[in-house]
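Colleague: Dock chain P against the given chain Y, drawing on the hints supplied.
Given next are the chains, with one letter for each unit.
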Amino acid sequence: MVGGFMSKYILRRILIAFPLILAVTTVVFVMLRVALPGDPAKLMAGDRASPEQVEIIRRKLGLDRPVIEQYFIFLRNFAQGDLGRSVKFREPVLGVIAKAFPFTAKITLLSVTVGTTIGLLIGIMTAVYQRTWIDNVGIVVTVFFFSIPTFWLGLMLILIFAVGLRVLPVQGASSWRHFIMPVATLAVGQSALIARLTRSSMIEVLSTDYVRTARSKGLAPRRVLASHALQNTLIPVITVVGLSVGGLLGGAVITESIFGLPGVGRLAIDAISNRDYPMIQGTVILVAASFVFVNLLVDIIYAFVDPRIRYE
Amino acid sequence: MNKSGFAVLALVLLAALLMGGVVVAQDDMMAGKGGRLVVADANSNTSFDPFVSSWHSWPHYAIYPTLFSRALDMSYVGYLADSWEVSEDSKSLTINLIDYATFTDGTPIDAAALKWNLEKYADPESTASTGRALITLLDNIEVHDDYSFTMHMNSPHAPLFFVLAGLEIVSPAAYEAIGPDDFGTNPVGGGPFILKELVTDNYALFERNPDFTWAPPELYDHPGPVFLDQLQILFIGEEQTVLAALETGEISLAGIPTQNLADAQANPDIDVHVAQLSQIRYVGFNTSKDPWTNPDLRKAFAYATDRQEFVTLAWDDLAQPLYQPLPPTIWGHNPELDEIAPSFDPDKAMAMLDELGYVDVDGDGLREDPEGNAWTVPLATASPDEWLRQAEVLEAQWRAVGIPLQIDVLEFAALVDLTTTGTHDLFLLLYGYQDPSILTYFFDPERKGGSNRAWFSTDELTDLLVAADSQLDPDLRYEAVTAVSTYIIEASPWVYLAVPPALTGVRAELMNWRIHPDTSFLYWNAYFETE
Numbered sequence: 013m014v015g016g017f018m019s020k021y022i023l024r025r026i027l028i029a030f031p032l033i034l035a036v037t038t039v040v041f042v043m044l045r046v047a048l049p050g051d052p053a054k055l056m057a058g059d060r061a062s063p064e065q066v067e068i069i070r071r072k073l074g075l076d077r078p079v080i081e082q083y084f085i086f087l088r089n090f091a092q093g094d095l096g097r098s099v100k101f102r103e104p105v106l107g108v109i110a111k112a113f114p115f116t117a118k119i120t121l122l123s124v125t126v127g128t129t130i131g132l133l134i135g136i137m138t139a140v141y142q143r144t145w146i147d148n149v150g151i152v153v154t155v156f157f158f159s160i161p162t163f164w165l166g167l168m169l170i171l172i173f174a175v176g177l178r179v180l181p182v183q184g185a186s187s188w189r190h191f192i193m194p195v196a197t198l199a200v201g202q203s204a205l206i207a208r209l210t211r212s213s214m215i216e217v218l219s220t221d222y223v224r225t226a227r228s229k230g231l232a233p234r235r236v237l238a239s240h241a242l243q244n245t246l247i248p249v250i251t252v253v254g255l256s257v258g259g260l261l262g263g264a265v266i267t268e269s270i271f272g273l274p275g276v277g278r279l280a281i282d283a284i285s286n287r288d289y290p291m292i293q294g295t296v297i298l299v300a301a302s303f304v305f306v307n308l309l310v311d312i313i314y315a316f317v318d319p320r321i322r323y324e
Numbered sequence: 004m005n006k007s008g009f010a011v012l013a014l015v016l017l018a019a020l021l022m023g024g025v026v027v028a029q030d031d032m033m034a035g036k037g038g039r040l041v042v043a044d045a046n047s048n049t050s051f052d053p054f055v056s057s058w059h060s061w062p063h064y065a066i067y068p069t070l071f072s073r074a075l076d077m078s079y080v081g082y083l084a085d086s087w088e089v090s091e092d093s094k095s096l097t098i099n100l101i102d103y104a105t106f107t108d109g110t111p112i113d114a115a116a117l118k119w120n121l122e123k124y125a126d127p128e129s130t131a132s133t134g135r136a137l138i139t140l141l142d143n144i145e146v147h148d149d150y151s152f153t154m155h156m157n158s159p160h161a162p163l164f165f166v167l168a169g170l171e172i173v174s175p176a177a178y179e180a181i182g183p184d185d186f187g188t189n190p191v192g193g194g195p196f197i198l199k200e201l202v203t204d205n206y207a208l209f210e211r212n213p214d215f216t217w218a219p220p221e222l223y224d225h226p227g228p229v230f231l232d233q234l235q236i237l238f239i240g241e242e243q244t245v246l247a248a249l250e251t252g253e254i255s256l257a258g259i260p261t262q263n264l265a266d267a268q269a270n271p272d273i274d275v276h277v278a279q280l281s282q283i284r285y286v287g288f289n290t291s292k293d294p295w296t297n298p299d300l301r302k303a304f305a306y307a308t309d310r311q312e313f314v315t316l317a318w319d320d321l322a323q324p325l326y327q328p329l330p331p332t333i334w335g336h337n338p339e340l341d342e343i344a345p346s347f348d349p350d351k352a353m354a355m356l357d358e359l360g361y362v363d364v365d366g367d368g369l370r371e372d373p374e375g376n377a378w379t380v381p382l383a384t385a386s387p388d389e390w391l392r393q394a395e396v397l398e399a400q401w402r403a404v405g406i407p408l409q410i411d412v413l414e415f416a417a418l419v420d421l422t423t424t425g426t427h428d429l430f431l432l433l434y435g436y437q438d439p440s441i442l443t444y445f446f447d448p449e450r451k452g453g454s455n456r457a458w459f460s461t462d463e464l465t466d467l468l469v470a471a472d473s474q475l476d477p478d479l480r481y482e483a484v485t486a487v488s489t490y491i492i493e494a495s496p497w498v499y500l501a502v503p504p505a506l507t508g509v510r511a512e513l514m515n516w517r518i519h520p521d522t523s524f525l526y527w528n529a530y531f532e533t534e
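The listed protein sequences correspond, in order, to chains Y and P.
My numbering puts the first residue of the first sequence at 13, with every later residue one more than the last.
My numbering puts the first residue of the second sequence at 4, with every later residue one more than the last.
A couple of the hints might just be wrong.
As the list claims (entries may be wrong) - Beta-carbon label-pair distances, calculated as ranges:
id: 1; chain 1: P; residue 1: S291; chain 2: Y; residue 2: P248; range: 55 to 61 Å
id: 2; chain 1: Y; residue 1: F84; chain 2: P; residue 2: S291; range: 36 to 42 Å
id: 3; chain 1: P; residue 1: D108; chain 2: Y; residue 2: D76; range: 32 to 38 Å
id: 4; chain 1: P; residue 1: T379; chain 2: Y; residue 2: I80; range: 38 to 44 Å
id: 5; chain 1: Y; residue 1: L87; chain 2: P; residue 2: E128; range: 25 to 31 Å
id: 6; chain 1: Y; residue 1: I312; chain 2: P; residue 2: E389; range: 44 to 50 Å
id: 7; chain 1: Y; residue 1: Y83; chain 2: P; residue 2: E128; range: 22 to 28 Å
id: 8; chain 1: P; residue 1: N46; chain 2: Y; residue 2: A238; range: 53 to 59 Å
id: 9; chain 1: Y; residue 1: L177; chain 2: P; residue 2: G452; range: 50 to 56 Å
id: 10; chain 1: P; residue 1: H155; chain 2: Y; residue 2: E81; range: 39 to 45 Å
As the list claims (entries may be wrong) - Under 7 Å between C-beta atoms, here's a sample of chain P residues computed to sit facing chain Y:
id: 11; residue: T49
id: 12; residue: T130
id: 13; residue: N205
id: 14; residue: A247
id: 15; residue: E250
id: 16; residue: A417
id: 17; residue: D420
id: 18; residue: Y444
Calculated directly from the structure, the hints in this document are not laboratory data.
The C-beta atom is built at its ideal place from N, Cα and C for all residues, glycine as well.
Here chain Y stands alone, though its shape is the one from the complex (with noise of 0.2 Å):
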């Protein structure tokens, strides 16, 4: 019953999730031609371009059409799967992202798995040791974590490990040696906030009656530890895992600028540059399917994580 209850529950997200997807869009579709300055054409054209030739290329790329007439043939477009053709590239925008988001889904895959692996051992060591030097320590080295820009942490990694000890490569993504420092960076300031936030959950539920019940019935400090408080600590560290998940696969901008990949965040950032308004609707719809997707799977995971959680 309870499969059924998940099947209708998800697939009713999913159904919600197509009018989000859509109402963002129409929002980025209408701000770009009409809120954002910089046109298109005039930046395809170049400096010498006279006004009869960026008129020609205003043409060529659909803009000298109303901007409803311009909507509902993007919708028609979208309908089929196709998201136009990059104005810079001059490939179709799905292909170009399609190339990207393996280095964007990577990263961020990696950077999370790490950061939160090493929050949680951190927010838990500090918990279980609260008021000790343990976690002193551990208080000080997440705050420093979650100070540092992540700009900075990156061009460091690179003067130490790349520039200084040459036991990294600089930029790049054909190896997983590139990957080390980009997932580096992004996975101290993740663990800062895992550790931040799993400490003083766990704090407050090893206060709970029902883990002092627990260690009154005798059982071992960790099997409490891991049975019973672990458990409820996750809830909201699957929130705040979710969300980042959801808000790296849109893209780490810096930290794929600085180390030259070629992820989603790049493209997205070039795309507004040069205002090519075919790739920026095409990743925001990336982004959003992103979070909505995140979300959902951090809805289930909270079923199987909470028992107290249904989805009716």
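Modeller: Frame of chain Y, contents of chain P only:
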């Protein structure tokens, strides 16, 4: 076998020996040379189809040849063109092509191919950002035989050779077979390299074109093929990342940020080349909007600007102060014009502002407008730190004579767009080019709302620009360009600021490279020593 049979056989053997000798000599020349040249160029991260790309740099000129090239003395020399002749009325150009060049699909680079290319560039529906001059200029092309043709123009055009030196020649057969949608990712040219792999937004990898033997002798020691085995272009732009990759040897060539010059020069693995760009930084006024319609007010700003201090503070003295619309790196620059141009004279600037009614009424050190109201001078600038620093230097200099500047920071595309609206005031921008005809684009009355960002034109200036652009005789053209520059200096629609530096770092392992006076990197004879 009779006598004539022996003679033919002897000739064939001799020819074979000679050809063999040439091949052996070429093999000898290439022995121990090769490697992969890796460069970073984020700007080249566009389509490789020259008819749609808005940027033409490394990949394009690796793949495609051009009709002409520029020698080290900046004169035009043949690349695909073997010889040429301009008609007496300067309206026709007859070109004889070299007869041994081929596209990499095996088709010949002949007169028919050139006609197809030039007509495509001249098509009003073309969206090519180069060769646009041909749209109004080219009347027709007359093909005489396989390797010669004449371009008939509607009027004489001084920058014709400059235009033709920039036009990339593609294989018509390949373009028509592949189609415009896919040619950008499957380009076919006849240049020194062939595209091997393109990973969009990541990198492009090129291999040596083994058939390429038509490099211009004025620029290269040997005609080709190039010594390098491969060329890789990484589409990365973060300057500190690029610099770090240069230090580790991951890339072989990079622009050096001004603040990193000393470190790069101290690094024994990097050779540093310092030059000036064919580029200028300037402040433009919207001359269609009051009070910037007044040339004396604009000139007062020029007198208030200390270019020497500007280049010191903004570029550690690596840039060059500029007092006229063309930098020394663009042909047509006349150093004598610096004498007549407004240079730093704060007393004169203050006197002019006083005379125009901009005086400090409330005693706060800043001037009010002629009606006595608070005066604010908005200067729109791009957001990167380098630009902001330059705007702040100007703010300090102009504040010293009582000009209250307000810096408006915009994203680059938004800044450019603002200048097309006509509602703007002052703007800090740049231009980069290699021919004085650029001034036509900036002061053409038809381009207000486009590239004429100062919204400045007069009938007299238009006549001067037309005269400069239609004079093919170099001496007479120089005089005509000087007249244009003189007029613009006098009218002061811009305050010319500086010629930025071109700082190039090259790995010491790369041999035999050279930097062209136009700051392009000549690498076709460059190589890494190989086993």
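Colleague: Hints first: check each against the structure and report whether it holds.
Modeller: Consistency of the hints with the structure:
no., hint, in the structure
1, S291/P / P248/Y: 55 to 61 Å, "holds, 59 Å"
2, F84/Y / S291/P: 36 to 42 Å, "holds, 38 Å"
3, D108/P / D76/Y: 32 to 38 Å, "holds, 36 Å"
4, T379/P / I80/Y: 38 to 44 Å, "holds, 39 Å"
5, L87/Y / E128/P: 25 to 31 Å, "holds, 28 Å"
6, I312/Y / E389/P: 44 to 50 Å, "holds, 49 Å"
7, Y83/Y / E128/P: 22 to 28 Å, "holds, 26 Å"
8, N46/P / A238/Y: 53 to 59 Å, "holds, 55 Å"
9, L177/Y / G452/P: 50 to 56 Å, "holds, 55 Å"
10, H155/P / E81/Y: 39 to 45 Å, "holds, 42 Å"
11, T49, "holds, 6 Å"
12, T130, "holds, 5 Å"
13, N205, "holds, 4 Å"
14, A247, "holds, 5 Å"
15, E250, "holds, 5 Å"
16, A417, "holds, 4 Å"
17, D420, "holds, 5 Å"
18, Y444, "holds, 5 Å"
Going down the numbered hints, you'll see the structure goes against none, and every one checks out.
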